[in-house]
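Chains L and B, in that order, give the protein sequences. Residues in the first sequence are numbered consecutively from 5, following the working numbering. Residues in the second sequence are numbered consecutively from 37, following the working numbering.
Bear in mind the hints are in silico, worked out from the structure with no lab data behind them. Where hints are given, some of them may not hold.
As the list claims (entries may be wrong) - Cβ-Cβ distance ranges computed for the label pairs, FRET-style:
no.	chain 1	residue 1	chain 2	residue 2	range
1	L	Leu114	B	Gln491	55 to 61 Å
2	B	Leu243	L	Leu11	38 to 44 Å
3	B	Ile464	L	Tyr25	50 to 56 Å
4	B	Leu466	L	Lys129	44 to 50 Å
5	L	Glu254	B	Asp383	56 to 62 Å
Claimed, not checked - Simulated coverage check for chain L against chain B, where a stretch passes if three residues somewhere in it have a Cβ under 8 Å from a Cβ of chain B:
no.	stretch
6	273-287
7	373-380
Note that CB positions come from ideal geometry on N, CA and C, so glycine has one too.
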Amino acid sequence: MKKYILLIIFITLSLTGCAGYKELNELSIVTAVGFDKKDDNYELSFLIANSPKEGTSSKEGEAKTTVYVGKGKTIAEASKEVEQIIPKQIYLGHINVVIISEDISKEGFLNIADWLLRNPETRKKFYLLQAKDTSAKNILKIVSPLESFPSQSIATLIESNAESKSIATSVTYSNFISQILEKGYDPVLPSVSIKGNVKKGSNEKNLETTEPESYLVLGPLAIFKQDKLKGFSTEKESSMINIIKNDAKEINYNVKYQNEDISIESSKLKSKIEIKDEKNVTIKISGLGDIYHINNKIDIQNYKEINKIEKAWSKQLKNDLLKVIKKIQTEYKADIFGFGNQIYKNNPKKWEKLEKNWNNQYFPHLNIKIETSLKINQTGSLVKTIKEDKS
Amino acid sequence: MEKIEKNAKKVLEKTKKLYGNSPDVNTRIINIKGTNVGIIFLESSSQASTISDFIIKGTLYSSSNNNLFQNIFDNLKNNLFNSQLFTINDYKQFPYFLSSGFTIIVTDNSDEAIVMETRANLDRGVTESTSEPILRGSKDSFTESHSKNLGLIRKRIKDSNLWFDEIKLGRKTQTRISIAYINGITDKQKLNQIKNRLNKIDIDGILDSGNLRDYLIENKSIFPQIHSTERPDVVSQALLEGKIVIFVENCPFTLILPTVFIDYLHTSEDEYQKSSNITFTRVLRIIALIITVFTPAIYIAITTYDQNTIPDKLLISLAIQREGVPFPTSFEIILLTAIFEILRESDIRSPNSMSAAMSIVGALVLGQAAVDAGIVSPITVIVVAFTSICSLIFTDIDFMNGIRTWRFIFILAASLLGIIGILSFTIIWLIKLASLENLQTSFLSPFAPFNKKAQNDAIYRAPETKQIERPNYISNLNPHRQRRSQ
Chain L
5 MKKYILLIIF
15 ITLSLTGCAG
25 YKELNELSIV
35 TAVGFDKKDD
45 NYELSFLIAN
55 SPKEGTSSKE
65 GEAKTTVYVG
75 KGKTIAEASK
85 EVEQIIPKQI
95 YLGHINVVII
105 SEDISKEGFL
115 NIADWLLRNP
125 ETRKKFYLLQ
135 AKDTSAKNIL
145 KIVSPLESFP
155 SQSIATLIES
165 NAESKSIATS
175 VTYSNFISQI
185 LEKGYDPVLP
195 SVSIKGNVKK
205 GSNEKNLETT
215 EPESYLVLGP
225 LAIFKQDKLK
235 GFSTEKESSM
245 INIIKNDAKE
255 INYNVKYQNE
265 DISIESSKLK
275 SKIEIKDEKN
285 VTIKISGLGD
295 IYHINNKIDI
305 QNYKEINKIE
315 KAWSKQLKND
325 LLKVIKKIQT
335 EYKADIFGFG
345 NQIYKNNPKK
355 WEKLEKNWNN
365 QYFPHLNIKI
375 ETSLKINQTG
385 SLVKTIKEDK
395 S
Chain B
37 MEKIEKNAKK
47 VLEKTKKLYG
57 NSPDVNTRII
67 NIKGTNVGII
77 FLESSSQAST
87 ISDFIIKGTL
97 YSSSNNNLFQ
107 NIFDNLKNNL
117 FNSQLFTIND
127 YKQFPYFLSS
137 GFTIIVTDNS
147 DEAIVMETRA
157 NLDRGVTEST
167 SEPILRGSKD
177 SFTESHSKNL
187 GLIRKRIKDS
197 NLWFDEIKLG
207 RKTQTRISIA
217 YINGITDKQK
227 LNQIKNRLNK
237 IDIDGILDSG
247 NLRDYLIENK
257 SIFPQIHSTE
267 RPDVVSQALL
277 EGKIVIFVEN
287 CPFTLILPTV
297 FIDYLHTSED
307 EYQKSSNITF
317 TRVLRIIALI
327 ITVFTPAIYI
337 AITTYDQNTI
347 PDKLLISLAI
357 QREGVPFPTS
367 FEIILLTAIF
377 EILRESDIRS
387 PNSMSAAMSI
397 VGALVLGQAA
407 VDAGIVSPIT
417 VIVVAFTSIC
427 SLIFTDIDFM
437 NGIRTWRFIF
447 ILAASLLGII
457 GILSFTIIWL
467 IKLASLENLQ
477 TSFLSPFAPF
487 NKKAQNDAIY
497 RAPETKQIER
507 PNYISNLNPH
517 RQRRSQ
């Protein structure tokens with residue numbers, strides 16, 4: 005009896021085993037995916053990270069990246085075509101970055117979202133980017149001298165940018181989808197474009213020159229209305245949007261004071277959106293800033309001067325913010341700040357009545373009030389400017 | 037019981053015949069005023085100078101002493117110089133005493149025989165322990181001499197309550213086996229159980245304490261449930277904790293009962309070093325234990341089933357390394373692990389002069405050439421090397437081998453079922469460990485069943501001043517080992 009039980013256990017183990025068994029060297033590890041559309045066909049580009057470099061033996065562990073493109077009427081068809089080209093099994097578990105072209109975004113992102121979300125292999129935490137002025141395929145091809153493979157260079161670019169410049173924000177796929185699905189919310193995406201020559205940039209020789217022929221630039225935010233691309237903001241507008249959305253971690257702002265620019269870097273700007281009813285919105289901005297650069301003769305040890313600078317900063321920032329909001333209200337009619345979402349959260353019943361006409365009727369005519377409490381914290385390690393000292 | 041004849045000549049003839057006329061059986065007859073005095077000893081196990089100095093001289097001296105001459109037997113008994121001298125009246129005991137290096141004296145006028153110790157020194161001296169080296173602590177270790185071994189313990193524990201119960205085992209070998217314990221601390225029930233188990237043994241020979249092991253356990257397991265050591269200080273510590281120690285004649289390794297799992301993670305040094313540092317060392321040992329059991333299995337599971345869990349850059353680097361390797365990952369791991377085990381085994385067996393050559397071959401063949409030839413990937417070599425290094429932390433060879441078996445089980449489970457296999461076999465492993473019990477002591481004590489009092493010397497080691505009580509899962513008698521300090 006015992007023998008039979010052992011036999012049954014052995015058989016069941018060996019039968020159930022090996023499901024999902026994959027050897028690493030039989031996989032093509034996809035680290036970035038690009039979606040394009042040409043005519044009626046989808047173009048799916050896979051960036052494969054583990055093609056071994058020619059001429060190096062395996063133990064040196066150097067990798068080369070390759071881009072494979074497939075076409076098809078549907079995404080699934082396109083991916084089947086890529087599978088036919090690549091001799092190894094395609095592995096989507098390590099996708100870092102997904103880039104979508106303008107054509108697809110304008111048509112509606114949800115057309116392709118299903119394929120990525122349905123695949124059990126994919127993580128849902130990869131970065132989503134909007135290609136600007138070029139195709140997604142081309143962006144994947146650019147090799148960067150600082151990172152060993154393109155998808156990684158894009159990912160680090162986003163991460164460092166979100167930390168230090170606050171023009172682009174990092175938007176993961178799951179964030180983006182949930183923002184589309186949430187009520188009274190329109191999403192934004194960081195955009196990426198190429199500076200320089202695409203053909204030269206995609207050559208490995210791009211790595212050998214001291215000044216790369218072409219490189220990737222993180223551009224301003226792309227503004228979506230639901231899943232459709234409406235347009236791109238400028239860089240300045242992007243940082244203003246990020247301030248309101250509370251995504252700005254470090255932001256550099258130039259204040260005009262006595263006809264000269266004072267550059268103020270603030271690392272902890274906080275915004276709070278308060279909505280009383282469907283017509284009035286108050287945005288409270290608070291935070292500290294450090295003076296980074298002064299050119300004119302100001303006695304920054306005098307607190308009265310500092311107060312004046314603070315006032316100017318508040319006033320100008322307020323103006324800029326209002327301008328951006330106005331533009332979005334009238335031009336795009338996309339509620340990327342989530343005002344509607346606030347109403348929905350506070351009063352779901354009221355939202356039901358507003359929902360239909362929110363983007364066209366209520367949102368564009370919202371009365372926005374901005375309250376600021378900004379303080380200058382540090383003036384840096386110089387008391388006077390250098391110019392002043394010399395004279 | 038066989039009577040001794042009152043004829044010295046006949047007894048000597050009989051004894052010679054008993055040993056098949058072996059040349060090392062020496063006899064001598066001294067005639068003292070008409071009475072024959074026979075002397076028998078084995079040349080191979082006795083010291084000839086002792087015999088001539090004390091026995092022959094003593095016998096001749098008593099023969100010249102006319103005044104005292106009454107009964108030659110009593111005379112000899114009272115006048116021979118020796119600390120170990122007694123009489124026997126059973127002929128069957130002759131071989132045991134003769135082989136142990138005693139000299140037997142028989143006379144014509146008595147049916148008793150005088151037995152006198154004239155043992156030759158066949159033992160090596162007390163040397164440094166080779167199997168359990170330590171940095172801090174006493175360096176001596178047990179030898180093959182039974183009395184020396186017991187002496188090394190007596191030297192450390194001078195209380196008269198240190199008791200030795202002796203039994204003889206082995207029909208042919210007649211091996212002396214001493215059960216050492218401290219009266220008043222040790223649980224008598226456990227002692228009796230051990231004695232019962234030993235008394236049931238009827239075998240031709242016991243040559244080493246390892247022969248007794250299987251008779252002393254209750255449940256079968258790959259893991260040894262009896263700790264074996266050659267260090268007198270470890271034995272003394274065990275005795276003071278209320279454990280029972282078995283000494284086997286001619287074997288430098290003693291058995292300590294009952295043993296629990298955590299004992300294999302302790303060393304005698306733990307008691308002598310600073311307690312806070314020891315806690316850290318013990319945590320390291322536990323980490324090493326986990327690493328050595330699980331690392332190859334987890335490597336197989338995550339690289340062949342759950343690639344999702346590997347960070348991006350590492351995954352790509354691993355994939356590139358594996359490029360061109362012809363075997364599946366699990367085969368690679370099994371191959372390398374097996375090669376390492378063979379290397380270890382051959383290293384133990386080979387004479388010292390060869391081990392240098394062996395390590396060069398091992399390092400080059402395993403580490404360098406196999407990778408260069410593209411048979412294994414570099415990361416596999418790293419994984420196996422890491423695993424093997426961690427396994428060398430444990431001194432007990434049986435424990436190491438038990439771990440090795442389970443490592444292979446986990447490797448197989450991981451290659452068939454991935455992480456799920458590892459998890460399910462971990463559960464089976466824990467169940468097996470927790471179900472082991474010997475002498476009313478669970479193998480996973482003091483963790484399962486959890487014993488809060490005993491935690492001060494399990495993984496965490498409390499300062500010496502705080503260790504008031506003996507571990508109560510071993511014995512409940514006389515629980516306090518020191519007076520609480522003020």
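Here is what the structure says about each hint:
1. L:Leu114 to B:Gln491: 55 to 61 Å: Holds, since L:Leu114 and B:Gln491 (Cβ atoms, about 58 Å apart) stay within the stated range.
2. B:Leu243 to L:Leu11: 38 to 44 Å: This hint holds: roughly 40 Å between Cβ atoms.
3. B:Ile464 to L:Tyr25: 50 to 56 Å: Given about 22 Å between the Cβ atoms, the range is violated.
4. B:Leu466 to L:Lys129: 44 to 50 Å: Violated, since B:Leu466 and L:Lys129 (Cβ atoms, about 34 Å apart) do not stay within the stated range.
5. L:Glu254 to B:Asp383: 56 to 62 Å: This hint holds: roughly 59 Å between Cβ atoms.
6. 273-287: Violated - the stretch 273-287 of chain L has 0 residues with a Cβ nearer than 8 Å to chain B, which falls short of three.
7. 373-380: violated (count 0)
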